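2 protein chains.
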Amino acid sequence: MIIDFAERRQTLWVQCIAILLLLISAGCAWAADPLPAWNDGKAKSAIIDFVTKVTTAGSPEFVPVEERIAVFDNDGTLWPENPMPFQMAYAVDQTRKLAASDPAVAANPMVKALLAGDFATLMAAPHHQGLLEIIGLTHSGMTVDEFRQQVDDWMKTAKHPRFDVRYDQLTYQPMQEVLAYFRASGFKTYIVSGGGADFMRVWSERVYGIPPGQVVGSTTRVEYELRDSGPVLVKTMDNLFVDDKAGKPAGIHAFIGQRPIAVFGNSDGDKEMLEYGTIANPRPSLGVIIHHTDGEREYKYDVNPKSSGTLVEALKEAPERGWTVVSMKDDWKTIFAAP
Amino acid sequence: MIIDFAERRQTLWVQCIAILLLLISAGCAWAADPLPAWNDGKAKSAIIDFVTKVTTAGSPEFVPVEERIAVFDNDGTLWPENPMPFQMAYAVDQTRKLAASDPAVAANPMVKALLAGDFATLMAAPHHQGLLEIIGLTHSGMTVDEFRQQVDDWMKTAKHPRFDVRYDQLTYQPMQEVLAYFRASGFKTYIVSGGGADFMRVWSERVYGIPPGQVVGSTTRVEYELRDSGPVLVKTMDNLFVDDKAGKPAGIHAFIGQRPIAVFGNSDGDKEMLEYGTIANPRPSLGVIIHHTDGEREYKYDVNPKSSGTLVEALKEAPERGWTVVSMKDDWKTIFAAP
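Protein chains in written order, with my numbering: chain A, 1 to 339; chain B, 1 to 339.
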């Protein structure tokens, strides 16, 4: 015998009992309330009704497990994007670090503008050249392992200016519940974000339970090199793919290759993926917009956000498309997940 | 109560018993022999030893489930690539169809060369322009749904010129066993192929049990359009990413975001991903090369293949790198999986 059968069977029994207990406890939890941080109301009902109908065997609206794809924008949907997207805060901190040790970097006009908080100058350059220069400085030239380490170090130490906690301790509790509820209901949950895939993959599994291969984001090409120390992948700025607006359905197709049936977003950058998931989809579908209506507990914005997150067109389309609009102020009992 | 608890619990019990039975039967099958289509020998042992050690809890070489990533080249590794890669056969058949109904297509010199079997002319154009023209004709301009339908129709009717069966009935039985064995051992199995991702995703789940999101291949950008009929994605030839040679580790990083610990390939196009998976990997790793040594039952080639599949450099590197070289003639009892 190649493999000891008795030992393997014992392991299998233990695994199976563990799975059984998990499933039963999950069942109990749902039976009580799958979304305890949500106030009762239209939004909560829309989500629960959708999951119930697509998972009810025998129902005409049942969707087989392999087609249960749910996609979630990240900034503004799973965690805040104020006072700036967290990856931008990373870029600022890294640029400050680089400028302190390299006079050439410090002398760069775009670096000067960024560190002076002069975003107008930074954004004035045509074709986002100012922003791309900063991203190039902080997101390319190193190996993917070096980049991962830098992001990890930053995430462990940097703090949000208003809430004074680590950035990864600011995920939305109601959305963590949605992620868990969907996964327990047989969905594969994907992040589909304008943020950098390499940036998000450092912490996506730990923070959201979403493995690297289920993170769709903006990318640039990496270059393979076989060094004396072993193979490395060097980050470049070539072939930038921006996973935003019409790029989101394209990114979903490229990385997932299936049409989602549930789409969660919060801004006009999510409009096209909301359309892609919900219009003329032969399967039942759910579109949800998280509306930032709570200036007291989080931020209040839509037409004129301070940084990113403009929500005008998608909000206008919502009634016609049947998208559920979530008011953070009214629909969410708590905002942030406990660390 | 939102969800009926008793009913859910009953469903959970049924699911769990099913899982239990599956696990036990899988356990029994492995105990007997996880790779029955393989002759006993070095190659088979190398594969089983690797899986055993990385899945043995408590062993210093144990690898947690979330890091069990196995990648498989497709053409020449999971099915043949002769007399030409099957996707090329698709392109030829589609071109013939297009030429029959469109004189402008028929007059195209590259189309003429292709349909005359004059591959020398086709390949002589600089920067693969001839080939790209054919791919452009047959792989762009339509929506991804239209393309999927065309590939599906073709796969259901086209037959392999030598074996006279459908192309998707020519997968290698020993490799189907490897895929099943790895998945049953907690691995996520990915295709990483120079072939088009959109082409492979049409049948990857049905043929290999590999869902679309676990297919890494060559891609071009798709364009999102909201038409009256609903949202569509139109295939273009822009931003071609060729998932071959050094592109394979890059593709693995972009799509999977994790380093594989098991890599199966058959040609020099797989050399870089074999290196990436196995050199200086902090985890135990396995590199396998399928060597086409059986002209009688399949094809015999390495230095001078008729179409693709040159195997020179990777074979030279194999002993130094500790890669396992599989001789199809000696190591495989059967070649093709039963339809």
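Check the hints yourself; a few may be wrong.
The calculated lysine to any residue pairs, modelled on SDA-like cross-linking and capped at a C-alpha distance of 25 Å, are [what the hints assert, rightly or not]:
1. A:Lys53 with A:Ser229
2. A:Lys159 with A:Lys316
3. B:Lys316 with A:Lys245
4. B:Lys245 with A:Thr220
5. A:Lys245 with B:Ser140
6. B:Lys300 with B:Arg162
7. B:Lys245 with A:Thr236
8. A:Lys245 with B:Glu146
9. A:Lys245 with B:Val234
10. B:Lys156 with A:Asn239
11. B:Lys245 with A:Tyr224
12. A:Lys316 with B:Glu146
13. A:Lys245 with B:Arg227
14. B:Lys316 with A:Glu67
15. B:Lys245 with A:Lys245
16. A:Lys156 with A:Tyr224
17. B:Lys97 with B:Ile135
18. A:Lys245 with B:Asp145
19. A:Lys245 with B:Arg221
20. A:Lys316 with B:Arg227
21. A:Lys53 with B:Lys97
22. B:Lys156 with A:Glu133
23. A:Lys97 with A:Lys316
24. A:Lys245 with B:Arg162
25. B:Lys245 with A:Val234
26. B:Lys245 with A:Glu225
27. B:Lys245 with A:Lys53
28. B:Lys245 with A:Asn239
29. A:Lys306 with A:Val144
Simulated from the structure, these hints should not be mistaken for lab results.
Values in this document were obtained by computation on a predicted structure and should not be read as measured data.
Restraint status (C-alpha distance of Lys245 (chain B) to Glu225 (chain A) at most 25 Å): Holds, because 12 Å separates the two Cα atoms, which is no more than 25 Å.
Straight-line alpha-carbon gap Lys300 (chain B) to Arg162 (chain B), limit 25 Å: Since the Cα atoms of Lys300 (chain B) and Arg162 (chain B) sit roughly 14 Å apart, the hinted pair holds (cutoff 25 Å).
Lys159 (chain A) paired with Lys316 (chain A) [C-alpha distance capped at 25 Å]: Given pair Lys159 (chain A), Lys316 (chain A) is violated - Cα atoms ~35 Å apart, limit 25 Å.
25 Å limit on alpha-carbon distance, applied to hinted pair Lys156 (chain A) and Tyr224 (chain A): violated (29 Å)
Given pair status - Arg227 (chain B), Lys245 (chain A), alpha carbons within 25 Å: holds (16 Å)
Satisfaction of hint between Arg227 (chain B) and Lys316 (chain A), Cα-Cα up to 25 Å: holds (19 Å)
Restraint status (C-alpha distance of Lys53 (chain A) to Lys97 (chain B) at most 25 Å): Given that 25 Å is the threshold and the Cα spacing comes to 43 Å, the pair is violated.
Proposed proximity, Glu146 (chain B) with Lys245 (chain A) (alpha carbon, max 25 Å): holds (23 Å)
Lys245 (chain B) paired with Tyr224 (chain A) [C-alpha distance capped at 25 Å]: Measuring from Cα to Cα gives roughly 10 Å; hence the hint holds.
Given pair status - Lys245 (chain A), Lys245 (chain B), alpha carbons within 25 Å: violated (32 Å)
Restraint check for Lys316 (chain A) with Glu146 (chain B), where alpha carbons must lie at most 25 Å apart: violated (31 Å)
Pairwise hint evaluation, Val144 (chain A) against Lys306 (chain A), where the allowed Cα distance is 25 Å at most: violated (31 Å)
Violated hints, listed in ascending order, are 1, 2, 3, 10, 12, 14, 15, 16, 21, 22, 23, 24, 27 and 29; each of the other numbered hints is respected by the structure.
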